[in-house]
Amino acid sequence: MGVGKRLLEDAESFAKEAARLDDERFVQRTLEVLGIPSEQGGMASEFPEAGRIQRPAPAGPAADLLRRADN
Amino acid sequence: MGSHQDHSEVPDFEVWFRANAGELLRYALFVAPDRAKAEDIAQDAAVKVFKAWASEDLRERIITSAAYVRRIVENCFLDYRKVRSRANEREEGHEGEEAGGVEPAVESDLDVRAALLRLVGDERDMLFLTYYQDLRIADAGRQLGISGTGAYRLHERALRHLAALLNEEEG
Numbered sequence: 363m364g365v366g367k368r369l370l371e372d373a374e375s376f377a378k379e380a381a382r383l384d385d386e387r388f389v390q391r392t393l394e395v396l397g398i399p400s401e402q403g404g405m406a407s408e409f410p411e412a413g414r415i416q417r418p419a420p421a422g423p424a425a426d427l428l429r430r431a432d433n
Numbered sequence: 293m294g295s296h297q298d299h300s301e302v303p304d305f306e307v308w309f310r311a312n313a314g315e316l317l318r319y320a321l322f323v324a325p326d327r328a329k330a331e332d333i334a335q336d337a338a339v340k341v342f343k344a345w346a347s348e349d350l351r352e353r354i355i356t357s358a359a360y361v362r363r364i365v366e367n368c369f370l371d372y373r374k375v376r377s378r379a380n381e382r383e384e385g386h387e388g389e390e391a392g393g394v395e396p397a398v399e400s401d402l403d404v405r406a407a408l409l410r411l412v413g414d415e416r417d418m419l420f421l422t423y424y425q426d427l428r429i430a431d432a433g434r435q436l437g438i439s440g441t442g443a444y445r446l447h448e449r450a451l452r453h454l455a456a457l458l459n460e461e462e463g
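Top line first, the protein sequences correspond to chains A and B. Under this note's numbering, read the first sequence as residues 363 to 433, first letter to last. Under this note's numbering, read the second sequence as residues 293 to 463, first letter to last.
The set of hints was computed from the structure by calculation and includes no laboratory data. If you're wondering where the values come from, they're calculated on a predicted model, not measured in any experiment. No residue lacks a Cβ here, since even glycine has one placed at the ideal position from N, Cα and C. Don't take each hint at face value.
To be verified - Label-pair ranges, simulated between beta-carbon atoms: (1) B:Glu460 <-> A:Pro399: 47 to 53 Å; (2) A:Arg387 <-> B:Glu381: 30 to 36 Å; (3) A:Glu386 <-> B:Val375: 23 to 29 Å; (4) A:Glu386 <-> B:Asn459: 37 to 43 Å.
Stated by the list, open to error - Just so you have them, the derived chain B footprint on chain A, three or more residues with Cβ under 8 Å: (5) 366-375; (6) 387-395.
Produce the entire structure from the sequences given, and follow the hints as far as they go.
Given below as structure tokens:
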């Protein structure tokens, strides 16, 4: 199979997978990790009593980066 | 434009992030064909961009160069693979899984993806933009800052190099 055809087929698979990405959820989760209050609702508005101290703990490797930056 | 930058004119990170989050996530999926891992990698990249935002020079590069942001995502993926590779070494029973390998959620052509990651940045960018983002070669070239026939030459060279890598992998 030629390389162009393989690229086209892989790109088709990629498009199907990319269509299943949840951009908004990714935005909300990342803003929470960064400690940026959400302007558009999401978890921040579901828990209005949650202050910065009570925000969900950062998840994933990103949390380590932020903790190192804070120290 | 004066040398003094009014703080009120500093582009807002959240505005940039909301506008570019989709592209960040999609490129992370491209380099690491697994949705969950792509989210982690994209999030790491967003954190790096956030930390770089305070630097005027880096912020300018981030805002003006999508290719620069793609490099950040790639570096996050490579860091992710190193961590995973070390974790795999500590755990037994992963003989069937390549070091740092990810299991794609769909039938990605891992050989093609792996070979794409071995290309130099501008060649990979050209093929990503034309095949995976469906841009015309001229439009991809414009995004990469390459005009006219230069874009077509880059596209041709990228395909040639990719084919060579795939032939090399398949013996």
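Which constraints among the numbered hints does this structure fail? Numbers only, ascending. Checked against the structure, no hint fails, so every one of them is satisfied.
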